[in-house]
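Student: The listed protein sequences correspond, in order, to chains A and B. All residue numbers for the first sequence refer to our numbering, where the first residue is 443 and numbers rise by one. All residue numbers for the second sequence refer to our numbering, where the first residue is 170 and numbers rise by one.
A couple of the hints might just be wrong.
Lysine-lysine pairs mimicking BS3-like chemistry, simulated, CA-CA at most 27 angstroms apart [claimed, not checked]: (1) K619/A to K629/A; (2) K286/B to K314/B; (3) K171/B to K572/A; (4) K268/B to K340/B; (5) K541/B to K520/A; (6) K520/A to K572/A; (7) K572/A to K619/A; (8) K578/A to K171/B; (9) K314/B to K332/B; (10) K212/B to K283/B; (11) K520/A to K407/B; (12) K520/A to K544/B; (13) K452/A to K374/B; (14) K402/B to K374/B; (15) K331/B to K314/B; (16) K578/A to K184/B; (17) K541/B to K500/B; (18) K283/B to K332/B; (19) K374/B to K520/A; (20) K212/B to K286/B; (21) K374/B to K283/B; (22) K374/B to K407/B; (23) K541/B to K469/B.
With the C-beta cut set under 10 angstroms, the calculated list includes, among others, these residues of chain B facing chain A [unchecked claim]: (24) F253; (25) S255; (26) M256; (27) V290; (28) E352; (29) T353; (30) Q356; (31) I473.
These stretches of chain B come out as covered by chain A in the derived footprint (C-beta under 8 angstroms, 3 or more residues) [what the hints assert, rightly or not]: (32) 175-181; (33) 297-308.
Bear in mind the hints are in silico, worked out from the structure with no lab data behind them. We put the beta carbon where it would ideally sit given N, CA and C, even for glycine.
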Amino acid sequence: MSLITVNDAKKIYNGGEGEVVALGGVTFAVEEGEFISLMGPSGSGKSTLLTMLGAMNPPTLGQVIIDDIDIYSLPAEKRADFRSEYLGFVFQQFQLVPYLTALENIMLPLAITGISNREQAEMASRVLEKVGLGGKGGRLPNQLSGGEQERVAIARAIVNEPPILFADEPTGALDSKNSEEIMNLFKELNQEGQTIIMVTHNPEFLSYVKRAIFIRDGVLDEKHHEKKMAV
Amino acid sequence: MKLHNIAFNNLRRRKAKMAFLLIGMVIGVATIVTLYTITNAMKTEIADKFDQIGANMTIVPQSDNLSFSYEGVNAADVEGALSFISMRDVERIRTIKNKENIATVAPKLLDTLKVEKGSRVIMGVQFPDELRMKRWWKIDGSEPKEASDVMLGSQAALELGKKTGDTLNIKGGSYRVAGVIRETGNQEDAVIFMDLSQLQALTGKKDLVSFVEVSALCSTCPIEEITAQISAKLPGTKVSAIREVVQARKDFVDRFAQLAMSVSIIVLVIGALVVLITMMSSVNERTREIGIFRAIGFRKIHIIGIILMEAGVVSIFGGLAGYLVGMALAKTAGSIVAQMEVSIAWDYRIGAAALVIALAMGLAASFLPAFKAAKQDPVEALRFI
Numbered sequence: 443m444s445l446i447t448v449n450d451a452k453k454i455y456n457g458g459e460g461e462v463v464a465l466g467g468v469t470f471a472v473e474e475g476e477f478i479s480l481m482g483p484s485g486s487g488k489s490t491l492l493t494m495l496g497a498m499n500p501p502t503l504g505q506v507i508i509d510d511i512d513i514y515s516l517p518a519e520k521r522a523d524f525r526s527e528y529l530g531f532v533f534q535q536f537q538l539v540p541y542l543t544a545l546e547n548i549m550l551p552l553a554i555t556g557i558s559n560r561e562q563a564e565m566a567s568r569v570l571e572k573v574g575l576g577g578k579g580g581r582l583p584n585q586l587s588g589g590e591q592e593r594v595a596i597a598r599a600i601v602n603e604p605p606i607l608f609a610d611e612p613t614g615a616l617d618s619k620n621s622e623e624i625m626n627l628f629k630e631l632n633q634e635g636q637t638i639i640m641v642t643h644n645p646e647f648l649s650y651v652k653r654a655i656f657i658r659d660g661v662l663d664e665k666h667h668e669k670k671m672a673v
Numbered sequence: 170m171k172l173h174n175i176a177f178n179n180l181r182r183r184k185a186k187m188a189f190l191l192i193g194m195v196i197g198v199a200t201i202v203t204l205y206t207i208t209n210a211m212k213t214e215i216a217d218k219f220d221q222i223g224a225n226m227t228i229v230p231q232s233d234n235l236s237f238s239y240e241g242v243n244a245a246d247v248e249g250a251l252s253f254i255s256m257r258d259v260e261r262i263r264t265i266k267n268k269e270n271i272a273t274v275a276p277k278l279l280d281t282l283k284v285e286k287g288s289r290v291i292m293g294v295q296f297p298d299e300l301r302m303k304r305w306w307k308i309d310g311s312e313p314k315e316a317s318d319v320m321l322g323s324q325a326a327l328e329l330g331k332k333t334g335d336t337l338n339i340k341g342g343s344y345r346v347a348g349v350i351r352e353t354g355n356q357e358d359a360v361i362f363m364d365l366s367q368l369q370a371l372t373g374k375k376d377l378v379s380f381v382e383v384s385a386l387c388s389t390c391p392i393e394e395i396t397a398q399i400s401a402k403l404p405g406t407k408v409s410a411i412r413e414v415v416q417a418r419k420d421f422v423d424r425f426a427q428l429a430m431s432v433s434i435i436v437l438v439i440g441a442l443v444v445l446i447t448m449m450s451s452v453n454e455r456t457r458e459i460g461i462f463r464a465i466g467f468r469k470i471h472i473i474g475i476i477l478m479e480a481g482v483v484s485i486f487g488g489l490a491g492y493l494v495g496m497a498l499a500k501t502a503g504s505i506v507a508q509m510e511v512s513i514a515w516d517y518r519i520g521a522a523a524l525v526i527a528l529a530m531g532l533a534a535s536f537l538p539a540f541k542a543a544k545q546d547p548v549e550a551l552r553f554i
């Protein structure tokens, strides 16, 4: 049984100009411990797919099954619980809460878990060390560099040890040196067993991932897929 | 990290917006506290006025053919032409339905007796009640303590050539002048006041009085009602209310109270709108942040909780500060606004009420923004990224 199974997932939006097919029937599976890059041009449907995998965007047709749970058969609030328990997110542009310190930002997903403040602080400190920011927990986001903010965002996404980590253009706002460091961090996490699905534009990062899924016009682009596999 | 930490940290960060919200609330609560406190003080002052103005009711026997008038009541020198009220009837005044509104009952017996070398009007009173009712009396000397003590009106003292401490001969008996009442401009200036029982004994009118003055605290109940109740208890008497003086002032207070209520409601509505708009704009500004909260697993109730906690904290501070500012304003400007001397005391119950009003206003006005925030679709919110 795969960790994630996507069965003919379609997403059709009803806009002012009629129906827009964002995803036109996507089927694939993700195994535990994989590091997958979701690639494709702008408007290809990769963000739709990421939010669909992230239990936030129900498909118009088809299924998304994670850990044997058909996630869109769950009521909305149960899906929120599911996200809290199973999924970690690294958003574009870091998306740290500006009025919380680095450590508090990392503790954010734990705020709704009932874990004591002390234990939360210990967990957050551990991941802060892990992402190489030990000693900077008391700083506000605007007192950190872009690379450091990205590390805090990653730490926040993994603090509750979710089985799956999603990252949406995690290096989009970073220079090449910082981008490389972040990709190395993802690679390390994956080597420790973390399943990672990452949306990226940058073909240079193909070397870090185990597999790439290419999307074009809302469907998997098998030709590119094979090309990557050949690489 | 708990939800309240998120709320508190946000409040700390958005100081300008929260200060705006706080100022709006303080103005609203302070206005309500000021108006309420002043209105209340005015009502209390009016109640005191009833007491200070003395009698606001007189009870006289229904009778004609009388020759001496005191405060609209006649004392006779024509034997047999008088009617009286019995002391038993006087006691019944305190048995009416609104008995708790009766402040003072002051029975009086009027008669003319031989004093020194001539005849003078003497009024028998129960001094403790009389003095409580006639608070404006300024007495040179002391209050009568013994049955043989008398008090003289200023004119009577002048005509008799007596002063405090002198002895006065009334119907052959010696009485000490305990005090002289300074000029009041009323008929009582010409009267000699003595103990009621003493006068009843001297005149042989045991247990009888000529009339009764009653002061009732009636800021909350219609004086006509008390008048009717006494009339029913004491048939054969005429009960009249003296109310014009205080009524005019009471009308002013009632009008002010109505105005205060209207202003308070308007201020409450404006305050609630300020909270609503500020919280709504705060929620709009935080669309992305709330989207992230939802994406990482926060339930709707968590988002509502954070927003309402923020509103609650501002409301508590707004309520407390509004109370302090409102009371300070009432204390400094109360007498000017009320157009009368009012004394305003700190009252923790008003503080508690201010807190409840602020919380109710803050939370009620924040429900809509909180629900809007909670309803936010994380995917839509993340499009702002």
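Student: Hints first: check each against the structure and report whether it holds.
Tutor: Tested hints:
Annotation: proposed proximity of K619/A to K629/A holds, straight-line Cα distance about 15 angstroms (limit 27 angstroms). For the given pair, K286/B sits about 26 angstroms from K314/B by alpha-carbon distance, which is consistent with the 27 angstroms threshold. For the given pair, K171/B sits about 23 angstroms from K572/A by alpha-carbon distance, which is consistent with the 27 angstroms threshold. Distance hint between K268/B and K340/B is unfulfilled; the C-alpha atoms sit about 38 angstroms from each other, more than 27 angstroms.
As the CA atoms of K541/B and K520/A are separated by approximately 20 angstroms, the hinted pair is consistent with the 27 angstroms bound. Distance restraint check for K520/A and K572/A: the Cα-Cα separation of roughly 31 angstroms exceeds the 27 angstroms cut-off, and the hinted pair is therefore not satisfied. A threshold of 27 angstroms between alpha carbons decides the hint, and for K572/A with K619/A the separation of about 19 angstroms falls inside it, so the pair holds. Distance restraint check for K578/A and K171/B: the Cα-Cα separation of roughly 21 angstroms lies within the 27 angstroms cut-off, and the hinted pair is therefore satisfied.
Note on K314/B and K332/B: the hinted pairing holds, with a Cα-Cα distance of about 17 angstroms set against a maximum of 27 angstroms. Under the criterion of a C-alpha separation no larger than 27 angstroms, the hint pairing K212/B with K283/B is inconsistent with the structure, at around 47 angstroms. With a C-alpha separation of about 81 angstroms, the suggested pair K520/A and K407/B falls outside the 27 angstroms cut-off, and the hint is violated. Using a Cα cut-off of 27 angstroms, the hinted pair K520/A and K544/B holds, with the two alpha carbons roughly 15 angstroms apart.
At most 27 angstroms may separate the alpha-carbon atoms for a hinted pair to count; K452/A and K374/B exceed this at roughly 111 angstroms. Between K402/B and K374/B the alpha-carbon distance is near 22 angstroms, which keeps this suggested pair within the 27 angstroms criterion. Proximity of K331/B to K314/B is assessed by CA-CA distance (about 19 angstroms); at most 27 angstroms being required, the pair is judged to hold. The hinted pair formed by K578/A and K184/B meets the criterion: a straight-line CA distance of about 25 angstroms does not exceed 27 angstroms.
With a C-alpha separation of about 42 angstroms, the suggested pair K541/B and K500/B falls outside the 27 angstroms cut-off, and the hint is violated. Taking the CA atoms of K283/B and K332/B, the gap is about 19 angstroms. The hint holds against a cut of 27 angstroms. Between K374/B and K520/A the alpha-carbon distance is near 93 angstroms, which puts this suggested pair outside the 27 angstroms criterion. Between K212/B and K286/B the alpha-carbon distance is near 51 angstroms, which puts this suggested pair outside the 27 angstroms criterion.
A C-alpha spacing of about 16 angstroms is found between K374/B and K283/B, which places the hinted pair at or below 27 angstroms, so the restraint holds. Straight-line distance between C-alpha atoms of K374/B and K407/B comes to about 20 angstroms, which keeps the hinted pair within the 27 angstroms bound. For the proposed pair K541/B and K469/B, the alpha carbon gap of about 10 angstroms is at most 27 angstroms, so the pair holds. A least Cβ separation of about 85 angstroms between F253/B and chain A goes past the 10 angstroms threshold, and the interface hint is therefore violated.
Interface restraint check: S255/B against chain A, minimum CB-CB distance 80 angstroms, threshold 10 angstroms, status violated. A least Cβ separation of about 78 angstroms between M256/B and chain A goes past the 10 angstroms threshold, and the interface hint is therefore violated. Taken as an interface hint, V290/B does not check out: its beta carbon lies about 85 angstroms from the nearest beta carbon of chain A, beyond 10 angstroms. The closest approach between the C-beta of E352/B and any C-beta of chain A is roughly 75 angstroms, which is over the 10 angstroms cut-off, so the hint fails.
Residue-level restraint check for T353/B is violated (minimum Cβ-Cβ distance to chain A is 72 angstroms; threshold 10 angstroms). Taking 10 angstroms as the C-beta cut-off, the interface hint given for Q356/B is violated, the closest approach to chain A being about 79 angstroms. About 12 angstroms separates the beta-carbon of I473/B from the nearest beta-carbon of chain A, more than 10 angstroms, and the hint is not met. Remark: the segment 175-181 of chain B is confirmed as covered by chain A, as 4 of its residues place a Cβ nearer than 8 angstroms to a Cβ of that chain, reaching the required three.
Beta-carbon proximity to chain A at under 8 angstroms applies to 0 residues in the segment 297-308 of chain B; the threshold of 3 is not reached and the given coverage is violated.
Taken one by one, the earlier hints fail for this structure at numbers 4, 6, 10, 11, 13, 17, 19, 20, 24, 25, 26, 27, 28, 29, 30, 31, 33, listed in ascending order.
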